[in-house]
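**Q** Residue numbers (the working numbering), protein chains in the order written: chain F, 12 to 299; chain L, 12 to 299; chain X, 12 to 299; chain B, 12 to 299; chain W, 12 to 299; chain V, 12 to 299.
A hint or two may mislead.
Same chains, same names: a pair is fine if it fits in one copy or spans any two.
[To be verified] Okay, derived cross-link-like pairs now, SDA-like style, lysine to any residue, Cα gap no bigger than 25 Å in a straight line:
| no. | residue 1 | residue 2 |
| --- | --- | --- |
| 1 | K13 | G188 |
| 2 | K13 | G105 |
| 3 | K13 | G98 |
| 4 | K13 | A244 |
| 5 | K13 | A104 |
| 6 | K13 | D288 |
| 7 | K13 | G90 |
| 8 | K13 | R276 |
| 9 | K13 | E298 |
| 10 | K13 | D34 |
| 11 | K13 | A56 |
| 12 | K13 | L230 |
| 13 | K13 | V23 |
| 14 | K13 | P254 |
| 15 | K13 | S229 |
| 16 | K13 | L171 |
| 17 | K13 | P227 |
| 18 | K13 | D97 |
Don't read these hints as lab results, they were simulated from the structure. In this text, all values refer to a predicted model and were calculated from it rather than measured experimentally.
6 protein chains.
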Amino acid sequence: MKAAQARAATLVEALPYIRRFADQVVVVKYGGNALAGASDHDGLALFAQDVVLMRQVGMRPVVVHGGGPQISELMSRLGMQPEFRDGLRVTDAGTVGVVQMVLTGQVNPQIVAAINVHGPLAVGVSGGDAGLIRAVARDERLGFVGDVQTVNPTILRRLLDDEFIPVVATVGTDDIGRPYNINADAVAGAIAEALGAAKLVYLTDIDGLRRVVDDPSSLIRQTTPDELDELMADGTIAGGMIPKVESCVHAVRAGVGRAHILDGRIPHVLLLEVFTDEGIGTMVVGER
Amino acid sequence: MKAAQARAATLVEALPYIRRFADQVVVVKYGGNALAGASDHDGLALFAQDVVLMRQVGMRPVVVHGGGPQISELMSRLGMQPEFRDGLRVTDAGTVGVVQMVLTGQVNPQIVAAINVHGPLAVGVSGGDAGLIRAVARDERLGFVGDVQTVNPTILRRLLDDEFIPVVATVGTDDIGRPYNINADAVAGAIAEALGAAKLVYLTDIDGLRRVVDDPSSLIRQTTPDELDELMADGTIAGGMIPKVESCVHAVRAGVGRAHILDGRIPHVLLLEVFTDEGIGTMVVGER
Amino acid sequence: MKAAQARAATLVEALPYIRRFADQVVVVKYGGNALAGASDHDGLALFAQDVVLMRQVGMRPVVVHGGGPQISELMSRLGMQPEFRDGLRVTDAGTVGVVQMVLTGQVNPQIVAAINVHGPLAVGVSGGDAGLIRAVARDERLGFVGDVQTVNPTILRRLLDDEFIPVVATVGTDDIGRPYNINADAVAGAIAEALGAAKLVYLTDIDGLRRVVDDPSSLIRQTTPDELDELMADGTIAGGMIPKVESCVHAVRAGVGRAHILDGRIPHVLLLEVFTDEGIGTMVVGER
Amino acid sequence: MKAAQARAATLVEALPYIRRFADQVVVVKYGGNALAGASDHDGLALFAQDVVLMRQVGMRPVVVHGGGPQISELMSRLGMQPEFRDGLRVTDAGTVGVVQMVLTGQVNPQIVAAINVHGPLAVGVSGGDAGLIRAVARDERLGFVGDVQTVNPTILRRLLDDEFIPVVATVGTDDIGRPYNINADAVAGAIAEALGAAKLVYLTDIDGLRRVVDDPSSLIRQTTPDELDELMADGTIAGGMIPKVESCVHAVRAGVGRAHILDGRIPHVLLLEVFTDEGIGTMVVGER
Amino acid sequence: MKAAQARAATLVEALPYIRRFADQVVVVKYGGNALAGASDHDGLALFAQDVVLMRQVGMRPVVVHGGGPQISELMSRLGMQPEFRDGLRVTDAGTVGVVQMVLTGQVNPQIVAAINVHGPLAVGVSGGDAGLIRAVARDERLGFVGDVQTVNPTILRRLLDDEFIPVVATVGTDDIGRPYNINADAVAGAIAEALGAAKLVYLTDIDGLRRVVDDPSSLIRQTTPDELDELMADGTIAGGMIPKVESCVHAVRAGVGRAHILDGRIPHVLLLEVFTDEGIGTMVVGER
Amino acid sequence: MKAAQARAATLVEALPYIRRFADQVVVVKYGGNALAGASDHDGLALFAQDVVLMRQVGMRPVVVHGGGPQISELMSRLGMQPEFRDGLRVTDAGTVGVVQMVLTGQVNPQIVAAINVHGPLAVGVSGGDAGLIRAVARDERLGFVGDVQTVNPTILRRLLDDEFIPVVATVGTDDIGRPYNINADAVAGAIAEALGAAKLVYLTDIDGLRRVVDDPSSLIRQTTPDELDELMADGTIAGGMIPKVESCVHAVRAGVGRAHILDGRIPHVLLLEVFTDEGIGTMVVGER
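In isolation and in its complexed conformation, chain F is listed as follows (with noise of 0.2 Å):
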């Protein structure tokens, strides 16, 4: 009977969130690495099982991936070499065609089908696809290397309109079609902004931002872009997560709902954080 009540507790919380939510966008940033170990493959399962769920219940949810650790690896059974001029890394025709295969033709379906062992419901999205994303070079001694120079999101919302569940590979095209390899955080985070999501979520291996990287109680629960340029400024955010904490900051200041940096290895964490009270990893809101 007491497990009951707390069943019955937990419905109660979770139900006007159902309500709240109805209609609206999610965008989830899956990382490459956590499908590149093969233990993750219950991760993604599970991830897959949150993404449907939410859709049943009338979000919205859009997923996006890269892929980095699978790339590496076809690129090292083609025996191909990274290749460097002026001290950067270059990235040549042939290395974003691998770019592409792998992501568009790799990475995507593997999850798209994890989501439709549940039913026809994920679509793979590239970012050709209706000119999705077009790129811009970022600088012309680095090849195809490129920068989101616009999104145009009237393929997403058609799909979604259909109720079905986009997955983006994030390649971007220019404006004569050829591929270019674009980081898929800034991706994520320009496709919020161009559906105007009510959340944007990423799925890490961290269980949030630190105030100071070595103490788990200096998790940061709630905080602002402010706050965040300032850490990014002071040093305090770095790495791998500054092209997250850019595009949440930017994200929430053109009006995206809520962004948050959650731990991906917590089964479940995205209903635990879509429809329960309690806070979890880190959650970006606009000041007002």
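With chain F's structure known, arrange chains L, X, B, W and V on it following the hints.
**A** Here is chains L, X, B, W and V on its own, set in the frame of chain F:
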């Protein structure tokens, strides 16, 4: 963390029911007894919360109520004596006027008000509104005691389409508009049939039907119309449960998905029944 | 043949009004007095027929009623004594319970039934339904005597869109759902304003407003809010007419097309007012 | 007061017809004779008013007209002589050109103009427009004298849906677009059938059909196709009434609700027929 | 094979225009002259085919026509003499009756019939239909000679929405329904403006406007309203071209996309103008 | 002028096809061979232009492609050796991974990019997206070589409704999401059937089917499923044409309007086939 995973498990269990019951009608019979005792006001508030949550996640609850104790009380205050003819209790014009006043003018607004604490959701409906409940006299000698002749569910459909929660006072009217006293359990069943409800739920003050009346361990978790016919024939089910059980049998045979006899004293029993896998009370399902 | 041409003339006169008032809301205040006398039942039947005909040719009538005599009668049967505090009549919880029972549970179903002899058209609505009438206490010492704070006309709009005829019992509720006794004339005006009605009609037992109370020849056929303000200021209009006249003045100033004070004792007075050129009773029109 | 009650009675009688005929098609054949005399222009104005009122209260009137006298007049002004072959009157290309010019270019605009005094309501339609009336030659020796082969009512349906009043000039065209002279009474019947009209009305200069031609007291108020077949067979009905009566018989048998032969000289005869209980002229109803 | 590639080239050129002009209105003024000569009947057939093809690929052609030669011919047959007052030609009631008969009853059905050989597409419309062309007298002494006062394009919009091809006879009516003779070129321009046409096309019997009247090599391929104003001011453009050119100037300034003066004698000149890159005749485009 | 009339003739011929094929689905199989050679890039550009033009005039093209040469090339770069078991070529997990990467991640984006030079029109779809192509293993010993079990065309219908051009990579998935290598010709036929296509077009590098393989003059312009069955039975049709011809036969028998085997090397062969009367290649039509 264990608590979090228990919550996640509850959510994973509950969310598919939300999809399954989206836009489905659930008719809930709420007893007048529940309202009569002072301490039950908390019960009414919890019940109202459950109904509101069901509505908010897209279900279409309809509340049906009687009000026996309240009618008796007003008759007593008015000094009205029950009248008998040939040994049967008679409902004369004065008595049915009191019945209508109490159900439509006292009990109904009380339930509506409890729900509308959460927003402008509930709308009281009496059997005469838009020809909802057409009654026919059971026996001329008994006066205005009626049976359900037909249900015209149009007004309920319209209110449900407009996302309101109808609360039905179980008074019927004949073809020249005179009110009749009708058994509320029977009205709940007839409305569930007319609306093609997915569920018909009776909230009672017992824990369900039992095969041996005094043996709590003989609680019937799941049964069929045929078995219930036998249990009524052999007297296992008797007295005030008869109209409820007959209505369950009739409704399930007429296509209502499932009928339930639940213990209304359990907090949030409606949510637990609808959104968890665990069986509560007695469930009646059709043979096939 | 002369009779035929008289009929043709009536039709030529009436038909353009049908187009003019198509889909227009007409709020009609029907007095409790009219129902109280036995001989008035024919009056109720004629009134019901008029309302049904208006609905059938595409208008959107809304009936609003009080029930003073019926309330007094039940209080007397219950042996309830009017209570006074500091010289003012008090409405305690018991009294407002009687008010609600009588208006919502006795008078309202009676009007609904009279209309529904013609088909499943009328739907009773009480002030607590879907938050229709939010009341605020006029004076704490008077208990549950309220004024209209806001009208939420959604439920009326939905019912009108679905081609029903709403019949409104003038009970209001506060923010925690407690009922209040409110002046029915004021409610009629507030509803007409909230619905942007084309007409607000008070059916009374006088032939209209007069400039000289005892002189029938001083009947005011047409007037304006400003003139009515003066007539109330100088005492020409007084007593029970004040709430009606104030509501007319307020409603016309708030955009209601026309307000009328008609003699409800004239058979079919509603039809004659709406569908003929001839002026009946007193009409209030805006200045411009 | 007595006058007021007579008006009220007319309204109570008329209003239900408005509901009954809402969106129903009424085809009215208006004779060319009615237009030819100078004094009839008032008749045209009254007729136009009736048609507009019918439209304004939601009916769908269609006007069909001929123009015999006007055709004869223009032929005479042009010095054209009627031609006969084998004793039959011949309509050569020149003659049918005059027919078309007069019906489509003179009579039709005159009726359209009379209606459009009330607003931009009437639209002239000729049989060649959108393939409305496909004609087939009756007898090659007679030249361009045709019978209705098929009616394509699409253009009329569209105009009615757009709330216009179609005014049809009864010229037909064959499959290569040549015009034919067709009996206007027959066209009216064929259009009523094609539109599934509720009523087909012939406005004539007699008071109706009679059983004994010279005996006004033998006026037939209501009859059936079978009886009319007999009356034509025994010669009681003869001459110019034959096409009208045959069209009535055919139309009612084909599902048109009622056909009427009315005295077009009675002012507002259309309104009196449609909106009063009193029978006027002769009504043809189907057997059943 | 070369022929095939030439065809392919034509298609590659034409298909984008189909998208560009989808749902766009094109008003085509077709001259009465074109119909008057016997040999032009082939011209009418080709013209009709072009208009039908434009409609079939989704454009919205509107045909506007006059009929000067045909009017003169009927007046002559009727022995009517042109009347002059103060040196100006007068249109009395008899004359305007002839104008209306010929335009609405002779020329209009001829064009409608030529189009409807291809299916039930064309619908004749006269200026009095649904108040399409409201005329105002130019000068009382001239009688029924009118100018366009307003265009009510509702009937044209409805017919275009229903995928019909309107064919407009250029008669106007005043506020009491009397017909007026109006310049057809001016009507074409006014209709193009009222419909927000993409193109206004005058089919003439010249190859376009010239800078030097007798020098074919001075054909103006593209011009602007300002230049045309100058060419009219200095007399280069004169005579019967004035109403066409003035209408082009007015229409382009009022927002019509382009106006064209084409040689109607070139077979399929409409198709060539609309669907090929090559310029034909004179095109008027707005300054900017 | 002669050229102009030739153009006009092409237009008069082409425009009716636009109406005929409006909203009709045309499935085009584009071969991987066509992409493999460097010089074919112009071919891809012309093909892309044709598909875009078809879409722009309202048709619904669907592109289906394989990629045999590209798969072989990547396998060779990866040093993967074809494996045989019992004399049959085996597709193990590694091989099918390469197939999926190349088709979905290399060939598909290349075609999408070529189309999207003209605007955001094309969307790549892989067989696993929204359950499009459900595969079943042909023979367990061959590993991941599959046949089409079912096609779920929902995602294609939605994209077509939204005016996109779907480009389908012919990978199928089984019920637990594993990819399979499937014959692209067979997929094209199955998709044409599932969509009820008006046309199924195979672009090949031959000029059509021949009755005598070495005799160009024996080209079959039009044939039927029955005749094709015979030609396959007697060996006239053999080798790589078998899957194409079998798919044509099956599709036409299943209701696809027409199937075509065209020479993809002819510039704009798609336009010429669709929009001209002239026959190109081999057309398969149903018997009746």
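**Q** Next, verify each hint and record whether it holds.
**A** Status of the hints after comparison with the structure:
1. Neither within a single protomer nor between protomers do K13 and G188 lie at most 25 Å apart by alpha-carbon distance, with minima of 61 Å and 32 Å respectively.
2. In this homomeric assembly, K13 and G105 never come within 25 Å of each other (Cα to Cα): the closest approach is 62 Å inside a single copy and 40 Å across copies.
3. Proximity of K13 and G98 under a CA criterion of 25 Å is satisfied in neither setting, with 64 Å inside one chain copy and 49 Å between copies.
4. Neither within a single protomer nor between protomers do K13 and A244 lie at most 25 Å apart by alpha-carbon distance, with minima of 49 Å and 38 Å respectively.
5. For a Cα distance limit of 25 Å, the shortest separation of K13 from A104 qualifies neither inside one copy, at 63 Å, nor across copies, at 39 Å.
6. For the identical chains of this complex, K13 and D288 are neighbours both inside a copy (20 Å) and across copies (16 Å), given an alpha-carbon limit of 25 Å.
7. Proximity of K13 and G90 under a CA criterion of 25 Å is satisfied in neither setting, with 61 Å inside one chain copy and 47 Å between copies.
8. Taking the shortest Cα distances, K13 and R276 sit within 25 Å of each other only across copies (15 Å), while inside one copy they are farther apart (29 Å).
9. Neither within a single protomer nor between protomers do K13 and E298 lie at most 25 Å apart by alpha-carbon distance, with minima of 40 Å and 34 Å respectively.
10. Neither within a single protomer nor between protomers do K13 and D34 lie at most 25 Å apart by alpha-carbon distance, with minima of 34 Å and 31 Å respectively.
11. Proximity of K13 and A56 under a CA criterion of 25 Å is satisfied inter-copy only: 20 Å between copies versus 31 Å inside one chain copy.
12. In this assembly of identical chains, the alpha carbons of K13 and L230 lie at most 25 Å apart only when taken from different copies (20 Å versus 32 Å within one copy).
13. Both within a single protomer and between protomers do K13 and V23 lie at most 25 Å apart by alpha-carbon distance, with minima of 15 Å and 19 Å respectively.
14. Taking identical chains as interchangeable, the C-alpha atoms of K13 and P254 are never at most 25 Å apart, the minima being 45 Å within one chain and 33 Å between chains.
15. For the homomeric pair K13 and S229, the shortest alpha-carbon distance between copies (22 Å) is at most 25 Å, but the shortest distance inside one copy (34 Å) is not.
16. In the homo-oligomer, the alpha carbons of K13 and L171 never lie at most 25 Å apart, since the shortest distance is 40 Å inside one protomer and 34 Å across protomers.
17. Taking CA atoms no more than 25 Å apart as the test, K13 paired with P227 passes between copies only; the shortest distance there is 19 Å, against 33 Å inside one copy.
18. In this assembly of identical chains, K13 and D97 lie within 25 Å of each other by CA distance neither inside one copy nor across copies; the values are 67 Å within and 52 Å between.
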